[in-house]
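**Q** Residues per chain, in single letters:
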Amino acid sequence: MTSTLLELSNLTKVYPGVVANDAVCVSISFGEIHAILGENGAGKSTLVKMIYGLIKPDAGTMQMFGDEFAPSDPRTARAAGVGMVFQHFSLFNALTVAENIALGMENPPPMRTLTTRIREVSKSYGLPLSPDRIVGDLSAGEQQRVEIIRCLLQEPKLLIMDEPTSVLTPQEVKILFKTLRKISAEGTAILYISHKLEEIRSLCSAATILRRGKVVGTCVPKITSARDMAELMVGDKLAIPKGNTSPTGTVILSVTSLSVRSSSPFGMELKDITFEVRAGEVLGIGGVAGNGQDELLAVLSGELMCRSSMVNFKNVDVTKLGPEARRQIGILAAPEERLGHASVPGMSLTENAMLTGATREKLSNRGILNWHKTRAFAERIIKDFDVRTPGPENAARSLSGGNLQKFVIGREVLQKPEVLVVNQPTWGVDAAAAADIRQALLDLTASGSALVVISQDLDELMEISDNFAALNEGRLSTPVATQGLDVEKIGLMLGGAHSTEMANV
Amino acid sequence: MIQLELRPQPSATMAYATPILAVVLTMIFGGLLFALLGKDPLQAIITIFWEPIFGEHSFYYRPQLLVKGAPLVLIAVGLAVGFKAGIWNIGAEGQYIVGAICAAAMGLAFYPTESIFIFPLMVLAGAFGGLVWAMIPGVLKVKFGTNEILVSLMLVYVAEQLLASVSLGLLKNPEGFGFPGSRNLQQYASAHNTEIIANTGMHWGVVAALIAVIFSHVLFTRHRLGFAIRVTGEAPRAARFGGVNPSQIILFCLGMSGVLAGLAGMFEVAGPAGQISIDFNVGYGFTAIIVAFLGRLNPIGIVFASLLMALTYIGGDIAQSQLGLPAAAIQVFQGMLLFFLLALDLLTNYRLRISNVERKS
Amino acid sequence: MDLSAINPILLIAAMIAASTPILLAAIGELVVERAGVLNLGVEGMMITGAVCGFIIAVNTGSPLVGFIAAALGGALLSFLFAFLTQVTLANQVASGLALTLFGLGLSALMGQSYVGIKPPQMVDTQMGFLSDIPIFGPIIFGHNIIIYLGLLIVAGTWATLKFTRAGLVLRAVGENHDAAHALGYKVKRIRTLAILFGGACAGLGGAYISLIRVPQWTEGMTAGVGWIALALVVFASWKPWRVLLGAYLFGGITQVQLNLQAAGVVFPVSSIGITIIIICVIIASWNLIFAKKKSRQYYFWLLFLSIAGVFFTIFFQGATVPFKVEYLAMSPYLMTIIVLVILSADKSRAPGSLGRAFHASQ
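Same order as they appear, the protein sequences are chains A, B and C. Letter 343 of the first sequence, counting from 1, is numbered 343 in the numbering used here, and no numbers are missing. Letter 168 of the second sequence, counting from 1, is numbered 168 in the numbering used here, and no numbers are missing. Letter 73 of the third sequence, counting from 1, is numbered 73 in the numbering used here, and no numbers are missing.
A hint or two may mislead.
To be verified - Below 30 Å or equal to it, Euclidean Cα-Cα: the simulated DSS-like pairs (lysine-lysine) are:
#1 K39/B <-> K271/A
#2 K186/C <-> K56/A
#3 K324/C <-> K172/B
#4 K383/A <-> K416/A
Said to hold, decoys possible - From chain A, some residues computed to sit far from chain B (all C-beta separations above 10 Å):
#5 E163
#6 E186
#7 E269
Claimed, not checked - Simulated restraints on C-beta separations:
#8 P8/B <-> Y148/C: 25 to 33 Å
#9 S262/A <-> T60/C: 54 to 62 Å
#10 R7/B <-> K214/A: 27 to 35 Å
In case anyone wonders, no lab produced these hints; they're calculated from the structure. By construction, the Cβ of each residue, glycine as well, lies at the ideal position given by its N, Cα and C atoms.
Just chain A, same shape as in the assembly:
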């Protein structure tokens, strides 16, 4: 068959303790948009990294244009016509758009020629981009354009997109899909990695479904129901948490006209944010990463200081309290970055339990630490939240992402907070663990706690929140009841005025 561009046969990659890819076979034709579908940890990223030459397979072969294809590094892969847009951008914040693009090319033309070409190509694909801007100042959507343009300038035969929509608003997704269809119509095959079924159904012409490193099925997405694909992908039925009714408790946390500058140079400044959360309420805050999520959590946890009376807890101004003092009165938080922010990678789980549990769990008495009690607390977290680890003396970095996330959430939930702020509670966590975490959060509200859940996963927010607000460019939309919201409305909230314009392109 001459229409086959890339043929993967029996690709296998083994890491200590886990088979990331087990005899994976995929075949991609010229100009098709082929989906690789799977849960987090199913081995999608490992697979594409092998195609892009970042990892070498332990066994199996690849053929491109019918020839042996074994890229030793990304350069060889690029030379062979493979381009890749990464999930976490491989961009250089302090360099300009043009410099970033030049770095991704084998033989870049002189800068002046390159800037003109960037303007041309970006315009023809409907992705406007200014070559002289510093990448760190661009929005996530614009940064992705830089990556796409970088690939397109190389005129690839195969374009790999790794979870491209996770950082985009629904309107930006539309623009992206338009571009991708155009690219594929010009004969470039696209390997589209995602776990979002609807996207795949609307975009892709073929799909390969991975589960735990194995191919568990192939299908034509347009004629397969989302339900069938989900079953293939997940394998077993999930417990779906049930939303609770609209809360009427007293206001516990209120934020009024909060404006604060970020502490990092490329961070987002928060502008005039106002909301309140009642006892038993879950406020879901959606939005694309990098729009002020980290800063909002930091302000609420006490890591980032703001001016007085902007944050009130039960009508008391708490702006002057640091993280420890806030924990004491009942404001707890679980940041997005598990390793290095929510936990100390090289320290044991016991020590990590001490990190935030010291005050509320009375693990220290006038500065003297009670390690015995701390170990018991860590064991309780491990038991109650089904954290898979040999024991609390193991280092945080030895846990898998999902298990560490359960530990981090469990550590805060078990301290019975009055307010809990979580950022991306289920990011990179397998479906079963994600369901457990959501259930734990809902149980917590049932006992009268107020929750602020910041997430990029809209489905998750719809599932668990009572009210919803969107964070865009550091501004928060007015919270509205989740019931009666549809994806279109949410998209507009997420995008702000900026992307409604874009939607009309």
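Using the hints provided, position chains B and C relative to the given structure of chain A.
**A** Showing chains B and C alone in chain A's frame:
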């Protein structure tokens, strides 16, 4: 080809084994160096490591272990506190000098009055001097974000000039026939840091060092501040999240290392050295950096590391007089030890795997 | 007081010469830091370069061969650092310190039989009539070749970083090593090369001290120049031309204080007051022009300080104290601290991956 693989958690065995391995490797390569210098390597090694403890004149050298080890322990324990938090005070030499100057000045101010209060006052003055000198980089880092490595080091050179200035001026012995240097504190009973038990080398500095070791050990295993310091060093963002105030940690770490270095200077000037002079400092502040690493930043490890380092000093002196081994050779030897230690540290966090994957091109 | 003993033209020429060791070491370190590596071993590499250059120059009779040997020696020592930080992934701060401690010991060992020897002299380049031009002649022309080499390296570094692909890749590696790796660049190889370049430059700078500036060999003769060079890179916000500016500033201070020491000048006490006034005015105008707005109270304090300075000046008018050699000798180090304080607020120019170890984990 050898590949590195991150261990799920740091290896405890390796943490203990690497310092010993490093010492062994340094002995081997040090021996090679001595051979290059035309000395019998085996004899040189024996002279340095065996003579001082078990040799003919060991009755004289053994007390020297404590005399040379005590300032190293004091300074290294302080430095280790900072290093654990990722705060790099490398100007302990300067804090040591200023502590000594302050202590000597305090003592000499009372000369020739005899009183039991003079010595404690000198201890306070020494600690204060070291504290002030260390607080300069501390406060500048907290207020302006200035790099403490460079500032603390610059202050070593400033302190050295200050030392030269006071030994020629302010603290010069009026009865010294114009020679630079202060009065000898060993001849001033109230200010003399005497041996507590004669001929053991056991002076008050050794007592202070032991107290510092115990204090620091309790701090790190039992106290919240010690925990906060460790978290700050491992993951600064997590520390902030846990409620640690970074400025507090910076000031505490620099302050503590300054106080201990100042004390080391005080006990040295009042005891073994006896006087302020231009060549008062002999680099304890820098050697202590090696000691802190060799002791794995652990207070008890530092005690052993200090004794070993003191041994190389004493053994080096013997080798110099008996074999004509240059003094600088010992400095190279100590530097080499740090290199091997840092390189071998890899084994604590990584596993070496020899893989036979053929490279396809 | 005899300031007339100081010839301003010769002083400026000497300042340029005095700044060369710092300049060479700093430009090398700048390249290393732009590649994302913090090498605190500059002092150790300089002193090793100083001793290597000295030994070879004495034995071959050629200072130029000495300089080549110095560059090789510095690079060789920096290779140890490259091995520690790039292969065994050791902490860069600790490894840099180790390099300095080791370098100081090694150089003392190597140079022990060379103390008190005079090295062969470096001939100043002859520029014919150019050197005879009044004022500019002695200042710009008639230096030795290493000074021009230093300027050439600065210009070359600037052009390479700004205009060439190699420079772009180097900056990319320093900015975000994970992204650079993902694009297929050899992070470790590029960093190792940068470290070697830094070592060679530091070696040259060290040899300039032992062969031209002093010229003889004494233990620890670099006396902190390597550390000042490190501070200079921060001062320069990682920009090559500002390294040149900073090097002249530090070279100038070193030279002026040496001249003052030699001239035995007395110190007018009132100048403290004048200095306070000048500093207040500079800070105030800096804040008004560049920085964020400060409170009215802030300016009030500045005003108060300046008025105090005026009174101080008037009160102590005419009073003098002889300069003490030691205090003059402190000045370059104190100046470094002051400069670090003023410029530390803005770290945004620092390379993104500076000081972080890179290990390609899948």
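**Q** Against which earlier hints does the structure fall short, listed by number upward?
**A** 1 and 8
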